[in-house]
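A.B. asks: Construct the complete structure from the given sequences, taking the supplied hints into account.
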Amino acid sequence: MGLDITKIRQEFPILDNNTLVYLDSAATAQKPKIVLDAMNSYYCTSNANVHRGMHSLAEKATIAYEEARKAAAAFIGAAPQEIVFTRGCTESINLIAKSWGSANLRNNDVVALSLLEHHSNIVPWQQLSSEVKWIGIDDAGHVNMEGLDAILKEGNVKLISITGLSNVLGTMTPLQEIIQKAHNAGALVSVDAAQLIVHKKIDVKELDCDFFSFSGHKLYGPTGIGVLYAKQELLEAMPPFLGGGSMIGEVTTEGFTCADIPQKFEAGTPPITEAVGLCAAIDWLSQFDWTDIAKHEQALMTYAIEQLKSIEGLHLLSQLPIGCLSFTIPGIHPHDLTDMIGQKNICLRAGHHCTMPLHKHLGISASTRMSFAIYNTKDDIDRCIVAMNDAINTLTL
Amino acid sequence: MDLYAENILDHYRNPRNRGEGNGASMTGNEVNPSCGDELTVHLWIENGMLIKLEWEGTGCAISQAGMSILSEELIGKSVDEVLALKKDDVYALLGVPIGPRRYKCALLCLHTVKNAFAPQSWLKTVEIDGE
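Sequence order for the protein chains is A and B. With the working numbering, letter number 376 in the first sequence gets 376, and the count goes up by one each step, no holes. With the working numbering, letter number 104 in the second sequence gets 104, and the count goes up by one each step, no holes.
Don't read these hints as lab results, they were simulated from the structure. Take these hints with a grain of salt, some might be off.
[As the list claims (entries may be wrong)] FRET-style restraints, in silico, Cβ to Cβ: (1) B:Glu46 with A:Lys360: 35 to 43 Å; (2) B:Asn14 with A:Phe288: 47 to 55 Å; (3) A:Gly243 with B:Val79: 50 to 58 Å; (4) A:Asn144 with B:Ser34: 21 to 29 Å; (5) A:Glu67 with B:Ser34: 36 to 44 Å; (6) B:Glu46 with A:Gly363: 34 to 42 Å; (7) A:Thr257 with B:Asp88: 20 to 28 Å; (8) B:Gly23 with A:Pro330: 30 to 38 Å.
In this text, a Cβ means the ideal position worked out from N, Cα and C, and glycines have one as well.
C.D. replies: Shown next, in the form of structure tokens:
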């Protein structure tokens with residue numbers, strides 16, 4: 001059927017006056033009005049704490065919060081009790097490391113990561129006493145599967161924690177194959193889906209991954225909410241993460257017992273309004289066909305690559321990217337480039353994108369990233385290229 | 001006022017006092033890991049005076065122009081005067097608005113010079129100062 005991009009753009013208040021060129025959705029996506037309205041309406045009509053009061057407002061809030069859990073579960077093919085709400089993808093991965101990792105990993109155990117990983121899928125594993133091993137990538141930016149085989153063969157691998165889609169190179173990892181190999185070797189798999197979640201239909205049961213993490217804010221939802229999916233039997237066996245209200249069964253002067261899953265992992269007042277916003281974002285996105293989204297975003301990608309190639313010396317860091325692409329231009333520091341075009345209200349990301357090991361591997365300290373979302377157009381790319389050429393001229397004149 | 005004012009671009013395109021520093025009395029360097037900016041400064045000290053300065057580096061226009069501008073200011077100053085330099089002095093020299101996005105780039109030159117005298121001591125005070 002195709003997407004009506006003009007109509008879609010009208011739903012995003014920040015794009016209203018058509019002066020903003022936002023090509024940084026891999027950092028955070030803009031929000032449709034329906035998400036903002038849902039959150040505002042929740043505060044105006046239903047605000048109370050969840051799982052606590054006996055009054056009807058508390059019940060209304062609890063229902064809204066649990067509806068969001070059901071929506072998140074349905075969105076990725078999970079059961080509601082397998083969905084833990086966190087403050088973001090980073091917290092989801094930290095929860096796995098601090099809870100499952102601390103309980104199950106010993107000194108000689110290995111956690112395998114790919115060189116594509118974001119710092120949020122590196123540091124939590126480095127904080128544990130177990131060993132981290134690195135799966136390399138090839139020149140096109142794809143995971144080296146022989147490297148993975150070799151690490152699995154060396155033994156002691158208890159977990160592979162890997163991104164589904166690189167936030168720099170835009171390369172997808174063959175999750176199904178990786179998960180199969182891992183399971184054959186007795187290892188679990190945690191998927192960092194921060195980027196993947198907004199570009200591809202996901203079914204966690206079909207994938208058979210053990211953990212799956214994403215944030216709301218890259219999915220056209222609000223910041224401050226994330227999702228952790230884990231298989232029910234894993235969640236049941238895992239020790240609690242943070243301690244506090246809601247996560248307990250009973251507290252005595254001697255100790256405490258845990259609530260059932262998923263409340264066991266949701267200490268304190270959760271991000272209720274943000275869950276309502278995420279629910280609205282999922283509903284909103286679900287009206288579109290994934291094939292149409294992919295077609296639209298890939299058309300932008302192909303067009304952007306064509307246009308970028310006209311810039312002298314520009315080097316693309318990967319081949320056949322999805323969602324985002326990154327590049328370097330000799331003699332032009334990404335911070336200068338993005339600062340200068342930023343003054344014209346054109347947003348690209350510059351730096352190491354929280355992937356210092358990847359940048360070190362690529363032999364660069366920083367790159368510039370352009371990322372695409374459902375609301376972007378070829379006009380965004382054209383305006384960006386014009387501004388980039390102006391900036392390059394100013395810097396090198 | 002534009003961050004990329006003409007004097008910044010001029011120093012970036014035509015950096016002053018670049019050199020490898022052969023025979024220098026002391027050398028300092030500093031890296032800004034978050035953006036990869038890198039500076040090395042070579043100082044010639046005689047009778048408590050900075051008589052010559054050369055520097056090398058790579059990075060963004062702000063960090064490189066900053067070092068170039070600072071180098072012109074420092075030559076001929078006493079060591080005491082050099083050590084007394086503060087971040088506000090660097091901002092004043094640059095003469096452009098330095099916001100939270102770019103203060104690390106702008107102050108890299110000062111870190112580098114201070115490191116030549118006392119490695120790392122300055123870095124901490126700047127970080128505590130924050131923006």
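A.B. asks: With reference to the structure, classify each hint as holding or not holding.
C.D. replies: Each hint tested on the structure:
1. B:Glu46 with A:Lys360: 35 to 43 Å: Given range 35 to 43 Å: holds, Cβ gap about 40 Å.
2. B:Asn14 with A:Phe288: 47 to 55 Å: 52 Å Cβ-Cβ, so the 47 to 55 Å window holds.
3. A:Gly243 with B:Val79: 50 to 58 Å: With Cβ atoms ~55 Å apart, the hint holds.
4. A:Asn144 with B:Ser34: 21 to 29 Å: 28 Å, holds
5. A:Glu67 with B:Ser34: 36 to 44 Å: Holds, since A:Glu67 and B:Ser34 (Cβ atoms, about 41 Å apart) stay within the stated range.
6. B:Glu46 with A:Gly363: 34 to 42 Å: Holds - the Cβ-Cβ distance for B:Glu46 and A:Gly363, about 40 Å, lies within 34 to 42 Å.
7. A:Thr257 with B:Asp88: 20 to 28 Å: 57 Å, violated
8. B:Gly23 with A:Pro330: 30 to 38 Å: Once the Cβ atoms are compared, 32 Å apart, the range 30 to 38 Å for A:Pro330 and B:Gly23 holds.
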